[in-house]
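Visitor: Listed below are the residues making up each chain.
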Amino acid sequence: MSHEPIRVVLAKVGLDGHDRGIKVVARALRDAGCHVIYAGLWQTVESVVRTVADEDADWLGLSILSGAHMTLVPQVMEALRQAGLEHVGVMVGGIIPEPDIPKLVNLGVSRVFGPGTPMHEIVEFVKSRRSAAHA
Amino acid sequence: MLESQLWQGMRQRDRRSLARLITRASRGLGIETIRRLGPPEKPARVFAITGSGGVGKSTLIGKLIPQFRERGRTVAVLACDPESPLTGGALLGDRFRMGAPLDDGVYIRSLAACSGRQAIADHLDAVIRLCEEFGFDRIIVETVGAGQGDTAVRAWADLVVLLLQPETGDELQWEKAGVLEIADLMVIHKADLPGADRVAQQVRSALEVAGGPVVPVLLVSSRTGQGIPELATALETLPSRSRRGDDRSAFLVDAQQMLIHRLQHPAATELLAKWRSGRIDIQEALRRLLEETSVSAQ
Chain A
1 MSHEPIRVVL
11 AKVGLDGHDR
21 GIKVVARALR
31 DAGCHVIYAG
41 LWQTVESVVR
51 TVADEDADWL
61 GLSILSGAHM
71 TLVPQVMEAL
81 RQAGLEHVGV
91 MVGGIIPEPD
101 IPKLVNLGVS
111 RVFGPGTPMH
121 EIVEFVKSRR
131 SAAHA
Chain B
1 MLESQLWQGM
11 RQRDRRSLAR
21 LITRASRGLG
31 IETIRRLGPP
41 EKPARVFAIT
51 GSGGVGKSTL
61 IGKLIPQFRE
71 RGRTVAVLAC
81 DPESPLTGGA
91 LLGDRFRMGA
101 PLDDGVYIRS
111 LAACSGRQAI
121 ADHLDAVIRL
131 CEEFGFDRII
141 VETVGAGQGD
151 TAVRAWADLV
161 VLLLQPETGD
171 ELQWEKAGVL
181 EIADLMVIHK
191 ADLPGADRVA
201 QQVRSALEVA
211 GGPVVPVLLV
221 SSRTGQGIPE
231 LATALETLPS
241 RSRRGDDRSA
251 FLVDAQQMLI
261 HRLQHPAATE
271 LLAKWRSGRI
281 DIQEALRRLL
291 EETSVSAQ
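Sequence order for the protein chains is A and B. Per the numbering used here, the first sequence starts with residue 1, numbered consecutively. Per the numbering used here, the second sequence starts with residue 1, numbered consecutively.
No lab work stands behind these hints: they were computed from the structure. In this text, all values refer to a predicted model and were calculated from it rather than measured experimentally. Any given hint might turn out to be false.
As the list claims (entries may be wrong) - Quick look at which bits of chain A chain B covers, simulated, 3 or more residues with Cβ under 8 Å:
#1 24–37
#2 41–51
#3 68–78
The beta carbon of each residue, even a glycine, is placed where N, CA and C say it ideally should be.
Isolated chain A (complex conformation) (with noise of 0.2 Å):
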């Protein structure tokens, strides 16, 4: 058990009602000692990244399954660096076309996850990359 636990919010970003994923990967992170805020479906980039900012977050975890991604991962990635909130990182996970992946981590994402990604992956990841400013 961390005394420090990491905690990470999950949202869903866009037009988008898929959720069974978001959710999988919640518990995942729950029963792996983190604090999860769930910030749940139909949220707009300002409000993810306020959620962000006010729940002072180790990690963002954003699922699309919409097609939408880059469209709105840019979006996603200019607000937090005019929040000032660069150090958060970024994980993004759903249906991601494979030659979109390195634009979004050239966009500073840290990793996509695709479907059928084990769990015990995400998990370890999160884990074993803490964000800088917690470092």
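Please build the complex by placing chain B on the supplied structure of chain A, with the hints as guidance.
Guide: Chain B in isolation, oriented as in the chain A frame:
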């Protein structure tokens, strides 16, 4: 980031600094600095919302926020959810149910409460104090869905609101010690459901028999909006339980700080020297310390 930078950020009303200081305080770090702040310049009114899981605490808080905003108050919400005693993990989902608005006058923070111990997060008093220091007028504490035997929050709240809902049990439920007696205000939530009036009646008569102070019982529905403005008005107008006065341990903490402060007085140094050299005994030294270093003597 250094603690001093965070305090600088607080003075500039930087939300990230508030958020980080709250994280630290909830882990027991920097508590001394917060205690040394002394009483707030502008004390906030603190409300605790308690009641069993599923009774609608988060949803109701989401409805109360705009009510306070309309009245020109800024609002901080501290939402406590349980932490697993086995893994230390927690799933904090209250924020979602509150429909967190994008408003600089509103701060919502999820906190984990160690399960099996209490219904509120550790060091909640320090976290409340930080929100006051930042300048929030109203602070709403949502407890873990406990309801029974949940009294820890009383020490830190101006008003404790207990939520009940229709079909929560027979009349004997209300007779259990600790259920009704912790509340300053009773809300029969989900009042649009059948049976709400009956619960309200049962609770009113149980309160009457108990013969304690008059506790208002309000019928409220977050779904229809019934009773929401009335509840906000009651929260604004009901006299507060003097949260810094009636709690013995809080009083002792303050008294201790006052004494430490007085020990820095020049007269205290002299008294200590006299006591050490045996010219006066400790009782005499204490009596004179209280006399000679009182506010008027300073």
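Visitor: So which hints don't hold here, by number, going up?
Guide: Violated hint (a single one): 3; every other hint is consistent with the structure.
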